[in-house]
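Work out the full structure: start from the sequences and follow the hints.
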Amino acid sequence: MHELSIAENIVGTVTESLAAYPGARVVEVRLRIGVLAAVIEDSLQFCWGITTQGTTLEATKLAVTTVPLVVHCARCGEDTELEGVQSFRCPRCGEPATELRQGRELEVEAIEIEEAG
Amino acid sequence: MTTRIVELRQGILKKNDELAAELRGRFAAAGVLVLNLVSSPGTGKTAMLELTLRELRARGAQAAALVGDLETDNDARRLKASGAPVRQINTHGICHLDAEMIGKHLDGWDEVAGEKGAPLRGLDYLFIENVGNLVCPSSYDLGERIRVVLLSVTEGEDKPLKYPGLFNSADAAVITKIDLAAACGFDRTLALGNINEIRPGIRVFETSAKTGAGMEEWLGYLAEARSGRA
Chain A
77 MHELSIAENI VGTVTESLAA YPGARVVEVR LRIGVLAAVI EDSLQFCWGI TTQGTTLEAT
137 KLAVTTVPLV VHCARCGEDT ELEGVQSFRC PRCGEPATEL RQGRELEVEA IEIEEAG
Chain B
1033 MTTRIVELRQ GILKKNDELA AELRGRFAAA GVLVLNLVSS PGTGKTAMLE LTLRELRARG
1093 AQAAALVGDL ETDNDARRLK ASGAPVRQIN THGICHLDAE MIGKHLDGWD EVAGEKGAPL
1153 RGLDYLFIEN VGNLVCPSSY DLGERIRVVL LSVTEGEDKP LKYPGLFNSA DAAVITKIDL
1213 AAACGFDRTL ALGNINEIRP GIRVFETSAK TGAGMEEWLG YLAEARSGRA
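For the protein sequence lines, the chains are A and B, in the order given. If you read the first sequence in this note's numbering, its first letter stands for residue 77, the second for the next number, and so on. If you read the second sequence in this note's numbering, its first letter stands for residue 1033, the second for the next number, and so on.
These aren't lab readings, by the way, just hints derived from the structure by calculation. Each hint should be verified, as a subset may be incorrect.
Rough simulated footprint, nothing fancy, chain A against chain B, three-plus residues with beta-carbon under 8 Å [stated by the list, open to error]:
#, segment
1, 1038 to 1044
2, 1114 to 1128
3, 1160 to 1171
4, 1175 to 1187
5, 1191 to 1200
Some residues of chain A that are not near chain B, with every Cβ distance over 12 Å (derived) [stated by the list, open to error]:
#, residue
6, 121
7, 128
8, 157
9, 168
Note that the coordinates shown come from a computational prediction; the quantities given were computed from them, not determined experimentally. The beta-carbon is built from N, C-alpha and C at its ideal position, and this holds for glycine as well.
Structure (structure tokens):
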């Protein structure tokens, strides 16, 4: 249950970047979260609500894009998306895959802001 | 009112990652090999570490440990019996260690490990025993060079499949309590297969802190890793 600290880190990131846009209000925060990032969206949404309550970010929507797992195969040289997270093998040739291209993301992709004028 | 999208593309744990990178630099400069031990509660991290610290000291190596728990300093007291410098980190409810906690607990450690102003100097190994948890520690880089996941024979062979995020992030795996394998009906082939399915090619050590089984291989791996050969 580290979604609370994740939510606090998102508030920090968003607040810092808002310094460049005085008076702006954040409408939406867009996240990219990999399937291996160990973050439960429901739990994160709940913690986001608690963390932002009574702050300028209250009622800001948290939009989460789930990033699938993509492995690079050393044998066939291809990057392929895996359907699950139960077997780390190249779906084309069956070679064990030790290199992840994506699936661990934990990032604020963008914010949608509303500015006066 | 006008709305617009501001691209940020920023890691949520950026601060932790930056601190961890700093720590990694400090560890490398001091020539200390740092390992982060992760597992569920009750796997036997502390028992394994007790024996490891004792054996390393018996062989003339300098090893220290930072040990994380929500509450109590029980583990630190156990580990100190090995004679190694040990510090307890109490997270008071937080389910993982982070880089800031590691940095804070290295400060002012001169009196117990290393020299004044250089708490890591003279150390060969620093073990960080994480909070018992197979989920959250996977996202937090502590500046370690090697992440070791531990799995006991009493836990079930499918742990790697249930917690792929953590098992996939490990550099080595240690199976503990193999003295209980027969009593638990532990399916060794299945467990090794599952580990390899989630983290192909990873080094696996089958150990018992009670009988000392597997310790030679484990200590050999540590020495290789320290000299940069693993």
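Consistency of the hints with the structure:
1. 1038 to 1044: Satisfied; 7 residues make the cut.
2. 1114 to 1128: holds (count 3)
3. 1160 to 1171: holds (count 4)
4. 1175 to 1187: violated (count 0)
5. 1191 to 1200: holds (count 5)
6. 121: holds, 15 Å
7. 128: At roughly 15 Å from the nearest Cβ of chain B, residue 128 of chain A sits farther out than 12 Å, so the non-interface label holds.
8. 157: holds, 15 Å
9. 168: Since the minimum Cβ distance to chain B is about 15 Å, residue 168 of chain A lies beyond 12 Å and the statement holds.
The structure is inconsistent with hint 4 alone, although it conforms to all the rest.
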